[in-house]
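Asker: Got chain A sorted already, so can you dock chain B onto it with the hints?
Here the protein sequences line up with chains A and B, keeping their order.
Just so we're aligned: the first sequence equals residues 358 to 825 in the numbering used here.
Just so we're aligned: the second sequence equals residues 15 to 262 in the numbering used here.
In case anyone wonders, no lab produced these hints; they're calculated from the structure.
Be careful, since some hints might not be right.
Said to hold, decoys possible - Derived Cβ-Cβ restraints for the label pairs, each shown as a range:
#1 Leu386/A to Gly138/B: 42 to 52 angstroms
#2 Phe27/B to Val565/A: 27 to 37 angstroms
#3 Thr232/B to Leu604/A: 55 to 65 angstroms
#4 Asn52/B to Arg645/A: 54 to 64 angstroms
#5 Asp680/A to Gly138/B: 25 to 35 angstroms
Claimed, not checked - Below, a sample of chain A positions facing chain B; criterion: calculated Cβ distance under 8 angstroms:
#6 Arg594
#7 Ser621
#8 Arg821
Note that the structure is a prediction, hence the values are computed from the model and not measured.
Idealized CB from N, CA, C, for every residue including glycine.
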Amino acid sequence: MKLFRRMLVEEYRLHSRLFGSTRFLAFPLFVAVVVGAGVSLLRLTGTELSAVVAGLHALVAFFGLQVGTLGLVGRDAMRDVLGDTTLLVFSARTLPVSWRRLLATFLLKDLVYYAAFFLTPLVLGFVPVALIGGFQPAQVALLWLTLVATFALGAASSLALVGLGTRSTGGLLAVVAVFVAVAVARTPDVVTATPYAFYADPSPTTAVTAAVPIAVASVLGPLLFEPATGGSTRRIRTDRYRTLQRLPGVDGLTARPLLEVARSSGSVWKVAFSLGVLFAVTALLLDRIVAATGLAPSAGIAFGALLGLGTFTTYNWATQFDDPREYLRYPAGMAAVFRAKFRAHLVLAVPTGLAYLALAALWYPVGELLVGLLVFPLVAVYVAGLTAYLTGLSPNELLFDTLLFAGFGAGLAVLAVPLLVAALAAGTAPVFANAAAVAIAVVCAVVGVALAHRAGPRWERRLRDVEP
Amino acid sequence: MPAVETAGLTKRFGDVVALDDLTCSVPEGELFGLLGPNGSGKTTTIEILTGQRTPTAGTASVLGHDPVAEPLAVRRDVGILPEREDPPSFLTPREYLQFVGDVRDVRDVDDRIEEWARKLEFRGILDTLAGDLSEGERQRVMLSQTFVHEPDLVFIDEPLVNLDPMMQEEVKRILEAYCEAGNTLFLSTHFMAVAEELCTRVGIIADGRLVAERDPRTLEEGALLETFVSEVEGAEAPAGQPVEVGNE
Chain A
358 MKLFRRMLVE EYRLHSRLFG STRFLAFPLF VAVVVGAGVS LLRLTGTELS
408 AVVAGLHALV AFFGLQVGTL GLVGRDAMRD VLGDTTLLVF SARTLPVSWR
458 RLLATFLLKD LVYYAAFFLT PLVLGFVPVA LIGGFQPAQV ALLWLTLVAT
508 FALGAASSLA LVGLGTRSTG GLLAVVAVFV AVAVARTPDV VTATPYAFYA
558 DPSPTTAVTA AVPIAVASVL GPLLFEPATG GSTRRIRTDR YRTLQRLPGV
608 DGLTARPLLE VARSSGSVWK VAFSLGVLFA VTALLLDRIV AATGLAPSAG
658 IAFGALLGLG TFTTYNWATQ FDDPREYLRY PAGMAAVFRA KFRAHLVLAV
708 PTGLAYLALA ALWYPVGELL VGLLVFPLVA VYVAGLTAYL TGLSPNELLF
758 DTLLFAGFGA GLAVLAVPLL VAALAAGTAP VFANAAAVAI AVVCAVVGVA
808 LAHRAGPRWE RRLRDVEP
Chain B
15 MPAVETAGLT KRFGDVVALD DLTCSVPEGE LFGLLGPNGS GKTTTIEILT
65 GQRTPTAGTA SVLGHDPVAE PLAVRRDVGI LPEREDPPSF LTPREYLQFV
115 GDVRDVRDVD DRIEEWARKL EFRGILDTLA GDLSEGERQR VMLSQTFVHE
165 PDLVFIDEPL VNLDPMMQEE VKRILEAYCE AGNTLFLSTH FMAVAEELCT
215 RVGIIADGRL VAERDPRTLE EGALLETFVS EVEGAEAPAG QPVEVGNE
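So that you can see chain A by itself, here it is in the shape it has in the complex (with noise of 0.2 angstroms):
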């Protein structure tokens, strides 16, 4: 109880000395005004509170499946068994406490900080619209409880797959291939064994049926998960940094992040799990869109625009491993760091999304997700650049700064609403609607490579004026 103690006021001096106290406990309140008025615009445009319910439960899954990802991170963190220690969740050499009961004390303190800063004001900003919608009390309590156990499914689920992944690729690939084959047939419906099911039908038996993959879940992470501590010495045989140069447009900066992140947990399959949730999510809630509403929305611009979107994960997946300041020791310059960025980041987005909207063909018609190919990589351009802009290599400060994440929300929402607008209006208007999803996109990316341009200058100077 101490260690966990510790760990949350560690976690709060984190993020309030990072961005000031002030910052840090307006991101409650921030996420409550955004949720309250998004829910209130959907309302007007006429989606049932079901929809929208739907709709939280799978941005809260994504979330969790996002948050336990983290895993990969923290393996990589374990492994440098003889560089810094910095947060109590590594100090497993120092401290008489197993990695094991740290990862499981650390895992319960993210659930906590999640629910407590995120969902809780989630559920608040939803509160008004469901009142007024005819929602009892009983229910919105029920609606947080499914959150915060959706948002432990998802974060638990990705770190026993993250550990399984420690353990044997075999076995992980497995696990994919059999969710991947019941996905596809919806047999069994996997929607049932989630906290969403009991939301929907409040019962002991859709109870049970929730909570098992939770525990299941929660057990399996740490007892999967191998830090890799004081483990094998790899040696790299082949030349791979001069071998990834001599692909167009691939210079020194550029081939470092991609070997980091090929090299790193996860390797290059993290970025395809980060998209491919993205992808998942995106399927289903097509799916609700036209069983609520009965619209015939767009997959090719719905897919090329949220796929688009998620490659914010893989611009954090190419700046992992950086740490700023030591670009300022080279005289190559921040802006050439960032074109560096840019480039590793499309490298690694561009393919993997492309493979997620050819995987969307089995599923909706080749014509309709042709416009995809076009909005995807262009999306993905907008979203490094403006994510360069905003966060220069530090993209995961954007969590828990309320300016920042308003900022960058901002950004997002300025290409993601007139996108899902044209996705929406494809069924009456095709034509239209692909031909206007395009110019968006292709505004977007010019807007983007503005700001990678004017990453570099920025950074460079706040980096050379910031405090140490």
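Answerer: Coordinates of chain B only, in the frame set by chain A:
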């Protein structure tokens, strides 16, 4: 022309004065040591002189370049070894040094990598991921990246940290030979023995102020330590007590 020259260099972080009116000159070919306790402003000085940080006031010249206005020119011409930095965990030493060679536009980098790996005895780990190396091995790789482009001036923050005694001796010989060849070395340390043994001139810095300069070769054994203690204690004296700055 001095390799390094500063006038009234000052850096404030909010209310904290990290560097206070630093004026000094380091001629070419000198092995200059900046000696001071932890948090005295040594690292901030190096960061400003190498264009990594902007001073609040004052001017500086490094190999004829202004590090504020021309940071890239300074970084191109000098070598920098920061106190706490490792080679990237997921690159091998060979790849990291190739990377440094690329960003510094070094043509025959592969030959130079072999040369430095031989000098600092890490040929056996050239193709091992840096994350799997010991601290001492990482420091040897970092020392190599400092010299791989054959700069005329090098800034080093604690050169011997994490090295075993034999390698420390080897590095000392390399640093001395580097200066004997007409190059300049600006070294920051809080180890008295390093300053005494290596440096041709030592500047003592305390609370961001350069409080004394000495030539350790002309001092009796233990005199530098005595000067250091008295000057540092003087600098930390309560406000109102004058501090004598000894520039010999």
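Asker: Which earlier hints can't be squared with this structure?
Answerer: 1, 2
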